[in-house]
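All chains should be built: construct the whole structure from the sequences, respecting the hints.
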Amino acid sequence: MRLVSRAWAVLALPIISIVLSVLVGSIVIILSEWLVAGELEPALAVAAYGALLQGSIGSPAAIVSTLVAATPLLLAGLSVGLAFKAGLFNIGAQGQFLMGALAAVAVGVTLKDSPAPVAIALSLLAGTLAGAVTGFVPGFLKATSGAHEVVTTIMLNFIATAILAAVVSGPLDVPGSPSPITDDVGQASLPVIFGRNGHLGVLYAPLIALFYGWLLFRTTRGFEIRTTGANPDAARYAGMSPRGIIIWTMTGAGLLAGLAGATELLGVNHQMTASYGTTVGFDAIAVALLGRTNPLGIVLAAILFGGMRAGAPLMQIQAGVPAELVGVVQATILFFLVASPVIRRVFRIRAARTGLEDAATFTKSYGGEVTTR
Amino acid sequence: MEALIELIYGIPVLGLVAQLLGYLLAVLPNISPIILRAAVPIAFAALCGVICERSGVVNIGIEGTMLVAAFVGWAAGVYLAPMIGPTSAAGVPFGITPTLLLALLLAVLSGVVVALLHAWLSISVRADQIIVGTIINIAAFGVTGYVNTLMATGSPTGAGSFRPFVPPKELTDLPVVGWLVEMFLFQGPIGISLLLVVIVFQVFLYRSRWGLRTRAVGEHPRGAETVGIDVIRLRYRNVLLGGLLAAIGGAFLSLEVTGSFQQGMTAGRGFIGLAAMIVGRWTPLGAFGAALLFASSAAIGDSIEISPPAGDLGTLLGGLPGQLFDALPYVVTIVVLAGVIGRSTPPAADGLPYEREATT
Chain F
0 MRLVSRAWAV LALPIISIVL SVLVGSIVII LSEWLVAGEL EPALAVAAYG
50 ALLQGSIGSP AAIVSTLVAA TPLLLAGLSV GLAFKAGLFN IGAQGQFLMG
100 ALAAVAVGVT LKDSPAPVAI ALSLLAGTLA GAVTGFVPGF LKATSGAHEV
150 VTTIMLNFIA TAILAAVVSG PLDVPGSPSP ITDDVGQASL PVIFGRNGHL
200 GVLYAPLIAL FYGWLLFRTT RGFEIRTTGA NPDAARYAGM SPRGIIIWTM
250 TGAGLLAGLA GATELLGVNH QMTASYGTTV GFDAIAVALL GRTNPLGIVL
300 AAILFGGMRA GAPLMQIQAG VPAELVGVVQ ATILFFLVAS PVIRRVFRIR
350 AARTGLEDAA TFTKSYGGEV TTR
Chain A
0 MEALIELIYG IPVLGLVAQL LGYLLAVLPN ISPIILRAAV PIAFAALCGV
50 ICERSGVVNI GIEGTMLVAA FVGWAAGVYL APMIGPTSAA GVPFGITPTL
100 LLALLLAVLS GVVVALLHAW LSISVRADQI IVGTIINIAA FGVTGYVNTL
150 MATGSPTGAG SFRPFVPPKE LTDLPVVGWL VEMFLFQGPI GISLLLVVIV
200 FQVFLYRSRW GLRTRAVGEH PRGAETVGID VIRLRYRNVL LGGLLAAIGG
250 AFLSLEVTGS FQQGMTAGRG FIGLAAMIVG RWTPLGAFGA ALLFASSAAI
300 GDSIEISPPA GDLGTLLGGL PGQLFDALPY VVTIVVLAGV IGRSTPPAAD
350 GLPYEREATT
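Protein sequences appear in the order of chains F and A.
In terms of numbering that gives the first Met the number 0, the first sequence has 190 at position 191, counting the first letter as 1, and numbering is strictly consecutive.
In terms of numbering that gives the first Met the number 0, the second sequence has 247 at position 248, counting the first letter as 1, and numbering is strictly consecutive.
I should point out that these hints are in silico values taken from the structure, not numbers from a laboratory.
Treat the hints loosely; a few may be bogus.
As the list claims (entries may be wrong) - Chain F is nowhere near these chain A residues, computed Cβ spacing over 12 angstroms in every case:
id: 1; residue: I7
id: 2; residue: P32
id: 3; residue: I134
Unchecked claim - Not everything, but these chain F residues come out facing chain A in the computed CB check (under 10 angstroms):
id: 4; residue: L140
id: 5; residue: V150
id: 6; residue: L155
id: 7; residue: A164
id: 8; residue: L333
As the list claims (entries may be wrong) - Label-pair ranges, simulated between beta-carbon atoms:
id: 9; chain 1: F; residue 1: V267; chain 2: A; residue 2: L195; range: 47 to 53 angstroms
id: 10; chain 1: A; residue 1: L323; chain 2: F; residue 2: R220; range: 49 to 55 angstroms
id: 11; chain 1: F; residue 1: L295; chain 2: A; residue 2: R162; range: 54 to 60 angstroms
id: 12; chain 1: A; residue 1: G222; chain 2: F; residue 2: R5; range: 40 to 46 angstroms
id: 13; chain 1: F; residue 1: G169; chain 2: A; residue 2: L211; range: 51 to 57 angstroms
id: 14; chain 1: A; residue 1: L27; chain 2: F; residue 2: L202; range: 54 to 60 angstroms
id: 15; chain 1: F; residue 1: N230; chain 2: A; residue 2: L115; range: 47 to 53 angstroms
id: 16; chain 1: F; residue 1: I316; chain 2: A; residue 2: L27; range: 35 to 41 angstroms
id: 17; chain 1: A; residue 1: L27; chain 2: F; residue 2: D112; range: 48 to 54 angstroms
Backbone N, C-alpha and C define an ideal beta-carbon position, used for all residues, glycine too.
Here's what the structure looks like:
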């Protein structure tokens, strides 16, 4: 009984948020249908969610698609979560993802005829390193000059987009192609392990989540990260170096997001256009918030959002509800999570540790002094 | 004279700089109205940032606010045009129609509503302001995309767009300042109003009671409260005003530039506005200057692509990827923020939720 009530204290808020958001989503479906087509049709919401479920868990192939869609969300979600734990807000997962994908395609195209294990390993390594470098920059700037990571990472997102477009339409462009596009990565593609498209990344992403949990909760470095996130001054008095931790954490976060980008490119896309873009960066923030920076939570949140992404096309085809509804539901979930004090009061939930309260200090260091002298 | 210029252009390195200056001088008058047009949404976004952050509320959700306003402006036109009809009289300045005005009004209203949500979550609920802004961006992208896809099946046309004012030829032909007149007056109503808004905002922020109070609340809210300023109310009011400014910037895109809406059409301008605010050191005039600078970077990049300068400079610039000019504003912002060129410090209480002492 104790266990049940404790589990409820942790899970109540996410579950209530998800349920409320699904309800809001149905209201949106019914209302918008009424506005556009002029007829009130409550059954449409049922049909839409039915198609969404069928497209995400309705068949073995659908489940594989869900897992494939969840993989980059999981890795990038871990990136955002790691930064959260140190009191840092990594809006830059987007740019780190893109740089990771770009480095992976560059190395992958070069090694497209080499033996597969070598090509895959080196491409993944290049992607993770590129992500790490992209994450290092805002970490270094924050530690040395106090430039807030939210602003620098947003800027780096746009810089990454520009670099990607320049490189793909320049050195990596296949001569004679009508619009800029790179070669196929060939041997560097991640092997398909199960189903039609279940690539290797689906297997190693959960292992990375395990590693993330071990790092944060079983190592000295993890303790230092969590202490710095909770109270940088206390960390400094305890003999830790918050500046070093900030640089280390942002580099680690960039590494994870870079791996997400490399995995997505080598596992799904196999080549890159100059307008290669993604919503993974912002979805990852949603995943990390819903998963409360906890490794298991992030895995579950990534599968939930991955499933919605995977099922959305079928929903659009079968029920005629635009796939963008997924974005609406996703944003509503976040909204209810952020308004948690209000939700708690309405539903009478006892406050449980969210795992975020020690991390929800991003804006504190925005103005004025950076505490990490 | 010609020979002298040839001589200067021939000097290694320095000559290239001279060539670049010469090229800019030749090109700027031609592209100046384009630069201002590109700067308008960025500047309005930056002004929204200034007004919010000066009173201590970080607003990352400017992008989302603009997107919602751009969409509502267009969608309102779609619904209103058949009802009111596009009755555009020939002599009306800017091609104003009742439909356009109503659409603009509704767009601004929608921006204020989004700002109200931001204000409630970040001031009253005291949620983390950066997370709140991020959610507003995600939600705006989702909701506008959803409704846009629903509406797009009928491929509707909106209320059209405001037309630019054509300044009299005597003014634009004036020596030296003629191109400046053209830059600021060869614009639609929102574009022309920008300069006025910037100046009024700058004067009010530093020369009025409201401005003094706003700055006090952003730097030291507790001190402000002790002298009788209602911190919460002032922050609410300023965030709503900020939403109004951002919404004008968003409506500019769908009602003055294009007359239509595309998914995600703000394309990061809200974030560039944030950058302009930082480079402009949280002042209206500075933010406007930075927005102009950022817009010029892109416009000059385009100009080089279309009509590259002659000589060594042309071959040098031709070798550079065009995306360089797109990325330049962001690089400048990081450099400024890192304190390499001058220092830019946000207001001291920026981002800190305010809690009254002894609230019951």
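Hint check:
Its beta-carbon lying about 32 angstroms from the closest one in chain F, A/I7 satisfies the requirement of being farther than 12 angstroms from that chain. In this structure A/P32 is separated from chain F by more than 12 angstroms, as the shortest Cβ-Cβ distance comes to about 25 angstroms. A beta-carbon of chain F comes within 12 angstroms of the beta-carbon of A/I134; the shortest separation is about 5 angstroms. Proximity of F/L140 to chain A holds as hinted, the smallest CB-CB distance being about 5 angstroms (cut-off 10 angstroms).
Among the interface hints, the one on F/V150 holds; its C-beta lies about 6 angstroms from the nearest C-beta in chain A, closer than the 10 angstroms criterion. The criterion of a C-beta within 10 angstroms of any C-beta in chain A is met by F/L155, whose closest approach is roughly 7 angstroms, and the hint holds. Taken as an interface hint, F/A164 checks out: its beta carbon lies about 5 angstroms from the nearest beta carbon of chain A, inside 10 angstroms. Checking F/L333 against chain A by beta carbon gives a least distance of about 5 angstroms; that is within 10 angstroms, so the hint holds.
At roughly 50 angstroms, the beta carbons of F/V267 and A/L195 sit within the given window of 47 to 53 angstroms. In this structure, A/L323 and F/R220 break the distance hint of 49 to 55 angstroms, their C-beta atoms being roughly 38 angstroms apart. For the pair F/L295 and A/R162, the beta carbons lie near 58 angstroms from each other, so the given range of 54 to 60 angstroms is met. Checked against the given bound of 40 to 46 angstroms, the beta carbons of A/G222 and F/R5, roughly 44 angstroms apart, stay inside it.
Between F/G169 and A/L211 the C-beta distance comes to about 52 angstroms, which sits within the given range of 51 to 57 angstroms. In this structure, A/L27 and F/L202 meet the distance hint of 54 to 60 angstroms, their C-beta atoms being roughly 57 angstroms apart. Between F/N230 and A/L115 the Cβ separation comes to about 33 angstroms, which falls outside the hinted range of 47 to 53 angstroms. With their beta carbons about 52 angstroms apart, F/I316 and A/L27 fall outside the hinted range of 35 to 41 angstroms.
The hinted window of 48 to 54 angstroms between A/L27 and F/D112 holds, with their beta carbons roughly 51 angstroms apart.
The structure fails to meet hints 3, 10, 15, 16 from the earlier list, while all remaining hints are met.
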